[in-house]
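Enquirer: Could you slot chains B and C onto chain A? The hints should help.
As they're listed, the protein sequences go chains A, B and C. Heads up: take any position in the first sequence, counting from 1, add 31, and you land on the working numbering. Heads up: take any position in the second sequence, counting from 1, add 31, and you land on the working numbering. Heads up: take any position in the third sequence, counting from 1, add 31, and you land on the working numbering.
Treat each hint with caution, since some may be false.
Identical chains share a label here; the pair holds if one copy fits it or two copies do between them.
Below, in silico cross-link-like pairs of lysine-lysine (DSS-like), each with a Cα-Cα straight-line distance of 27 angstroms or less [stated by the list, open to error]:
(1) Lys159 x Lys122
(2) Lys37 x Lys56
(3) Lys187 x Lys122
(4) Lys172 x Lys187
(5) Lys172 x Lys159
(6) Lys193 x Lys180
The hints are simulated quantities; they were obtained by calculation from the structure and are not laboratory data. Treat the numbers as computed from the prediction; the structure is a model and nothing was measured.
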Amino acid sequence: MVDIAKRTSATVIAPFEVGSWFENKRVENVQAMNHGGAARTAFGRVKLTVAIHSSSMPDGSYGGNPAGFLIETNEGNFYYSGETALSYEMKLIGEQTNLGFAVLPIGDFFTMGIDDALRAAQFVGTGKIVGVHYDTFPPIKLDRAAATKAAEAAGKELLLPKIAATIEI
Amino acid sequence: MVDIAKRTSATVIAPFEVGSWFENKRVENVQAMNHGGAARTAFGRVKLTVAIHSSSMPDGSYGGNPAGFLIETNEGNFYYSGETALSYEMKLIGEQTNLGFAVLPIGDFFTMGIDDALRAAQFVGTGKIVGVHYDTFPPIKLDRAAATKAAEAAGKELLLPKIAATIEI
Amino acid sequence: MVDIAKRTSATVIAPFEVGSWFENKRVENVQAMNHGGAARTAFGRVKLTVAIHSSSMPDGSYGGNPAGFLIETNEGNFYYSGETALSYEMKLIGEQTNLGFAVLPIGDFFTMGIDDALRAAQFVGTGKIVGVHYDTFPPIKLDRAAATKAAEAAGKELLLPKIAATIEI
Chain A
32 MVDIAKRTSA
42 TVIAPFEVGS
52 WFENKRVENV
62 QAMNHGGAAR
72 TAFGRVKLTV
82 AIHSSSMPDG
92 SYGGNPAGFL
102 IETNEGNFYY
112 SGETALSYEM
122 KLIGEQTNLG
132 FAVLPIGDFF
142 TMGIDDALRA
152 AQFVGTGKIV
162 GVHYDTFPPI
172 KLDRAAATKA
182 AEAAGKELLL
192 PKIAATIEI
Chain B
32 MVDIAKRTSA
42 TVIAPFEVGS
52 WFENKRVENV
62 QAMNHGGAAR
72 TAFGRVKLTV
82 AIHSSSMPDG
92 SYGGNPAGFL
102 IETNEGNFYY
112 SGETALSYEM
122 KLIGEQTNLG
132 FAVLPIGDFF
142 TMGIDDALRA
152 AQFVGTGKIV
162 GVHYDTFPPI
172 KLDRAAATKA
182 AEAAGKELLL
192 PKIAATIEI
Chain C
32 MVDIAKRTSA
42 TVIAPFEVGS
52 WFENKRVENV
62 QAMNHGGAAR
72 TAFGRVKLTV
82 AIHSSSMPDG
92 SYGGNPAGFL
102 IETNEGNFYY
112 SGETALSYEM
122 KLIGEQTNLG
132 FAVLPIGDFF
142 TMGIDDALRA
152 AQFVGTGKIV
162 GVHYDTFPPI
172 KLDRAAATKA
182 AEAAGKELLL
192 PKIAATIEI
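In isolation and in its complexed conformation, chain A is listed as follows (with noise of 0.2 angstroms):
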């Protein structure tokens, strides 16, 4: 992360010791902020979200609290939720603003599966999802035909892509 940060020179907008935490690796252009605060930028606004989960940097010292982000743009929004169990706070997001899409984790063990996502979806209120953080290790082997099955049952589309895949939502 450091090394792309570096190499394109974007933005890094972050929970604030995350970014702190950018900074001493000389990272330029860092937006360290906390919950409930938005970034402006080029494209638009960028809004921290809370996210149910633990935030360790990889040398184990504190990393803040777990965000995720939803992004307003004039060509549409979306919500990024992070790592992330369900969460009551998911409705502030669906009364608050019309999303596209949401990217939601659906592997279980770490993070919420397919059923929890499919509620955080009606909590955000979209009907679109890309589902992610699966596969990655054994105990978040997804079940695609099921995840799929269910999504459906719920009227829900469910996006899986692979990964370097572009899609148009």
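Expert: Same frame as chain A, but now just chains B and C:
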């Protein structure tokens, strides 16, 4: 805890940072998970739930975020909230699971007190509370008569088993 | 803070890790609590509430989870949310306590901004907000006219006292 885990070879199901700490102490059979995730066990399913508290390890290092446990078995389900404040997130449990009982802190000061615990029982949808986390420090000395009376007034059954006692629920 | 505590011998009511940090600095009269717990004081009752933020100590060590304070006295009650995002948990306060006013962050970026603070006032059930946590860093420069107008439109009174000013509420 480390001694018990080694002596019994029991599976340790814990939030990620706590589980990793156990693994560093050479405890085997650790399931190091995070909130919203569930582990399958011989007796059923254990899901990590949100708790509102702090989480430090004995050496003062970061222990992830605090968690409770939702335990589902063929013989019935129960909720062990861990040390926590009352939380709206508890409603998620009431909406998803039929509980036989809930183990809730009632000592106040370090956790919720009896009044919030009675609301918590309402949120998770149970009429039966096993009260814990009281009497072990001066600020959490329990007024048993008052707690029992408050539970009765709320239409809840409050169990206060003695240490090492075995009870039928 | 340590100097003020020592000079005044005031009781320090704080989340457990923060309170322990004060005790390590030889501050006396510390009440090191955790969320959902309440301390009895000469003037009433102080309850630790949930805040959505991070909590690091000056040396970067883990400061527990962030908290606010619900202060109940014979002369009236108020809520000091601390640095926080908007949270559904605030509704618990509105359901339990009659508030005279709430002290809420309105600066955005590191905390909620004015729009979420107005919703927070609705959640906790007060019409009177003392706005704090703005103007102290470039990203949280407040547009006072806009904030005041937003509060008026929401039917709320927004107080923005000067530093060290004494106000009657």
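Enquirer: Evaluate each hint against the coordinates.
Expert: A quick look at each hint next to the structure:
no.: 1; hint: Lys159 x Lys122; in the structure: both (16 angstroms within a copy, 25 angstroms between copies)
no.: 2; hint: Lys37 x Lys56; in the structure: within (10 angstroms within a copy, 37 angstroms between copies)
no.: 3; hint: Lys187 x Lys122; in the structure: both (17 angstroms within a copy, 23 angstroms between copies)
no.: 4; hint: Lys172 x Lys187; in the structure: within (21 angstroms within a copy, 41 angstroms between copies)
no.: 5; hint: Lys172 x Lys159; in the structure: within (22 angstroms within a copy, 37 angstroms between copies)
no.: 6; hint: Lys193 x Lys180; in the structure: within (19 angstroms within a copy, 48 angstroms between copies)
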